[in-house]
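Enquirer: Sequence:
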Amino acid sequence: MIIKYPETVLVSSAIIMEVPMVDKVEEEFYNIVKDGDIVRVDADNGIITIL
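Under my numbering, think of the first position of the sequence shown as 1, with each following residue one higher.
Quick caveat, the hints were computed from the structure, so don't treat them as lab data.
Just so you know, not all the hints are guaranteed correct.
[Claimed, not checked] Cross-link-like lysine to any residue pairs, in silico, SDA-like; alpha carbons within 20 Å at most: (1) K24 - V9; (2) K34 - I15; (3) K24 - A14; (4) K24 - I48; (5) K4 - I32; (6) K24 - I50; (7) K4 - V41; (8) K4 - N31; (9) K34 - S12; (10) K34 - I2; (11) K4 - E26; (12) K34 - D23; (13) K4 - I48; (14) K34 - I3; (15) K4 - I15; (16) K24 - I47; (17) K24 - Y5; (18) K4 - I50; (19) K4 - I47; (20) K24 - D35; (21) K24 - V41; (22) K24 - P6; (23) K34 - V9; (24) K34 - V22; (25) K34 - I48; (26) K4 - V25; (27) K24 - S12; (28) K4 - P20.
Go ahead and model the full structure; you've got the sequences and the hints to work with.
Expert: Shown next as structure tokens:
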């Protein structure tokens, strides 16, 4: 899950459901990625790859 504005409920839910999450992504990412793009999220290292 890639989020722009982390909220307590969203973050808590992701933790409970064990969903990888990255926040505070560089603004340029949002200009590059489009709806429907497939991405790989490496939440441990904070790396997002557009496939």
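Enquirer: For each hint, tell me whether it holds in the structure or not.
Expert: Here is what the structure says about each hint:
1. K24 - V9: Since the Cα atoms of K24 and V9 sit roughly 17 Å apart, the hinted pair holds (cutoff 20 Å).
2. K34 - I15: Answer violated: K34 to I15 is near 26 Å, above 20 Å.
3. K24 - A14: holds (16 Å)
4. K24 - I48: This hinted pair holds, its Cα atoms lying about 12 Å apart.
5. K4 - I32: Holds, at about 14 Å.
6. K24 - I50: holds (17 Å)
7. K4 - V41: holds (14 Å)
8. K4 - N31: The given pair, whose Cα atoms are some 13 Å apart, holds under the 20 Å limit.
9. K34 - S12: violated (26 Å)
10. K34 - I2: It holds: about 13 Å lies between the C-alpha atoms, which stays within 20 Å.
11. K4 - E26: holds (9 Å)
12. K34 - D23: Answer holds: K34 to D23 is near 17 Å, not above 20 Å.
13. K4 - I48: holds (13 Å)
14. K34 - I3: holds (14 Å)
15. K4 - I15: Holds, at about 17 Å.
16. K24 - I47: holds (11 Å)
17. K24 - Y5: Satisfied, since the Cα-Cα distance of roughly 8 Å is no more than 20 Å.
18. K4 - I50: Since the Cα atoms of K4 and I50 sit roughly 17 Å apart, the hinted pair holds (cutoff 20 Å).
19. K4 - I47: holds (15 Å)
20. K24 - D35: holds (19 Å)
21. K24 - V41: Answer holds: K24 to V41 is near 13 Å, not above 20 Å.
22. K24 - P6: Measuring from Cα to Cα gives roughly 9 Å; hence the hint holds.
23. K34 - V9: violated (25 Å)
24. K34 - V22: holds (17 Å)
25. K34 - I48: Cα-Cα ~14 Å, so holds.
26. K4 - V25: holds (7 Å)
27. K24 - S12: Holds, at about 17 Å.
28. K4 - P20: Distance ~14 Å between K4 and P20 Cα, so the pair holds.
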